[in-house]
Amino acid sequence: MDEALTLFDKLWAVHEIARRDDGETLLWVDRHYIHEGSFNAFSQLSARGARVAEPGLTFGVADHYVPTRGRGRALDNSNIARMVSTLSTNATASGISLFGLDDPRQGIVHVVGPEQGLTLPGLLVVCGDSHTSTHGALGAWAFGIGASEVAHVLMTQTLWQRKPSRMRITIDGHFAPGVAAKDMVLAIIAGIGADGATGHAIEFSGAAVRALSVEGRLTLCNMSIEAGARCGMVAPDDTTFDYLRGRPYAPQGAAFDRAVEEWSALTCDDGATFDKEISFDAAAIAPIVTWGTSPQDALPIDASVPDPAREPDAARAKYLRDALDYMAIKPGRRLADISIDRVFIGSCTNARIEDLRAAAAVLSGRVSKVPGLVSPGSSLVKRQAEEEGLDRVFRAAGLEWAESGCSMCVGINGDLVAPGERCASTTNRNFRGRQGPGARTHLMSPAMVAAAAVTGRLTDVRPLLAGRKI
Amino acid sequence: MEKFTRLTATACPINIANLNTDQILPARFLNLPRSAGLGKFLLQDLRFDAEGRERGDFPLNRPAWRAAEIIVGGRNFACGSSREAAVYALFDYPIRCVIAPSFADIFAGNAVRNGLLTATVSQDDATMLTATLEAMPILPVTVDLDQQTIGCGDRNFAFSIDPVRRTRLLNGWDDIALTESYRDRIAAFKTADRAKRPWAMPGGAG
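Going down the list, the protein sequences come from chains A and U. When the count follows numbering that gives the first Met the number 0, it moves up by one through the first sequence with no breaks and lands on 469 for the last residue. When the count follows numbering that gives the first Met the number 0, it moves up by one through the second sequence with no breaks and lands on 205 for the last residue.
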């Protein structure tokens with residue numbers, strides 16, 4: 000009998016071009032996404048006089064630097080204009096398709112790839128961005144790479160890798176209403192730590208994962224990197240196939256049906272073994288918020304932040320003290336007593352249509368006590384949200400409805416949280432200064448951000464959902 | 000790429016777990032080319048306050064450690080964003096080696112491609128080395144990649160590194176030249192794969 004294989008083993012085998020005696024393996028790359036930050040890699044190509052090997056498998060998206068206001072006007076910031084135009088120049092010169100600033104399909108690369116059907120089950124997907132792990136939600140093997148690797152892929156369409164260890168995270172049971180994929184992944188990171196999956200390829204499984212929409216799975220896989228994982232993936236199933244059918248770049252018609260037959264084999268074999276196995280019970284997961292400066296600093300909303308004085312381990316106590324100092328939170332304070340200054344709904348983690356619907360369901364007929372920005376994950380998501388009237392809900396609540404981009408998640412397009420301000424955010428990193436120098440970030444689900452907007456403090460969304468259709 | 004064989008230099012302890020690449024090089028500097036000199040922005044918001052004044056208590060600002068070429072870091076060093084410019088900032092400071100109990104995967108890969116050694120040690124050895132340096136800041140540290148040892152005062156202990164990465168650093172090899180020698184195998188793979196997985200090509204709209 001053949002050896003039982005994990006999904007990751009199967010994807011690895013399909014992409015292996017050559018393996019050296021020392022274990023280094025040359026892999027074929029199916030999709031390569033580039034963005035404004037890829038200029039370092041293009042510089043390396045120029046320095047070598049090299050060309051892009053497979054422009055037809057390479058797709059550019061303007062997302063990191065694009066303005067979210069005043070789209071269509073000339074870019075008034077010369078740095079931003081230069082970043083956006085350099086991507087355009089490099090893509091055009093190399094024959095790479097570009098979803099540029101003025102393209103109706105523009106958006107955040109990790110939203111656009113799945114949305115356009117560019118990311119498919121079984122593909123090896125890379126991008127010079129750590130949140131490339133997102134694409135694993137479709138059963139792809141997707142991971143972030145650095146500029147030198149971007150240059151290598153541009154020049155050869157291949158990458159050298161060593162096989163990572165395999166980890167399975169099983170989430171069984173059912174979620175309570177008001178609990179989302181974001182809460183699931185924050186619970187995982189809090190449980191295993193910011194380096195709990197370092198060196199591992201994660202396969203997510205279990206009834207609660209199967210029950211997630213593709214959008215929820217994208218959120219889950221997106222934040223695999225925040226646990227240090229090399230990648231995260233969910234085996235493709237009917238939910239995946241239904242999502243992909245008819246997407247512009249997916250196979251069409253009979254070709255799609257043939258592809259589904261092959262994709263259906265992309266599962267973990269019974270009896271396949273993992274290097275590490277972890278289980279969670281979905282029913283035990285409550286809405287979660289972060290309190291510190293790493294995504295692992297996450298607790299259920301009804302908890303209180305830690306008190307370093309009660310921490311016996313000196314190094315851990317120092318870690319807690321430093322995080323609480325930066326966040327300006329008193330030790331032991333109840334999370335629900337922490338007031339906020341603004342909200343942000345956006346990013347590759349949580350700005351798809353379902354995320355916007357979840358936030359709008361809470362905000363409908365209510366007013367935000369704090370200012371806030373809503374930046375849809377893509378221009379197509381924006382259009383769909385407007386067709387559904389979600390933009391009117393956000394505007395009526397007093398939030399700003401903006402264009403699509405990485406925006407306030409990374410704060411390099413001008414959308415910043417001011418120094419010292421506290422932001423309830425649907426993003427992925429609560430690092431010091433991530434949303435701007437001195438900014439304080441609390442990560443949570445879109446519904447939880449909406450709840451925080453309504454009350455002006457960190458808030459359990461569940462009571463606010465009473466009697467509402469979600 | 001610059002080779003790494005053996006280095007004796009000042010080592011600066013920065014004992015912060017999960018020190019992410021947003022700290023090593025904040026995102027607002029990512030629009031700069033490497034030629035702009037990213038070393039001066041290394042750990043910008045930890046080294047300087049909002050007005051640009053040095054924070055005197057930050058280790059790299061202490062006189063004994065300003066010229067460090069080695070950093071002794073905390074667990075999960077350089078997690079987060081894949082920005083290779085974090086490695087450029089370290090290397091151009093110029094840091095040549097980071098010693099830590101563990102490193103984030105993407106960073107470790109970026110480091111070896113730029114001649115920066117990531118030396119993994121036990122948490123106990125990292126704690127001991129940090130304590131030694133805090134007591135005697137100018138005590139030089141010697142990192143020997145061939146022997147895979149770290150020497151500091153009368154102590155000598157081993158570090159680990161992936162053997163493939165060790166070989167690459169010792170020889171200063173880069174990937175591209177190596178991959179060129181696989182050109183025929185790549186072409187053969189591509190042909191066979193297109194027949195086997197026709198659905199893997201971007202379809203439909205183009």
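Think of the hints as simulated: they come from the structure by calculation, not from any bench. Quick reminder that beta carbons are idealized off the backbone N, C-alpha and C, glycines included. Don't take every hint at face value.
[What the hints assert, rightly or not] One side of the interface only, derived from the structure: several residues of chain U facing chain A at Cβ under 10 Å:
1) I15
2) R33
3) G73
4) N113
5) A157
6) S159
7) I160
8) L177
Cross-check of the supplied hints:
{"no.": "1", "hint": "I15", "result": "8 Å, holds"}
{"no.": "2", "hint": "R33", "result": "7 Å, holds"}
{"no.": "3", "hint": "G73", "result": "9 Å, holds"}
{"no.": "4", "hint": "N113", "result": "7 Å, holds"}
{"no.": "5", "hint": "A157", "result": "20 Å, violated"}
{"no.": "6", "hint": "S159", "result": "13 Å, violated"}
{"no.": "7", "hint": "I160", "result": "13 Å, violated"}
{"no.": "8", "hint": "L177", "result": "8 Å, holds"}
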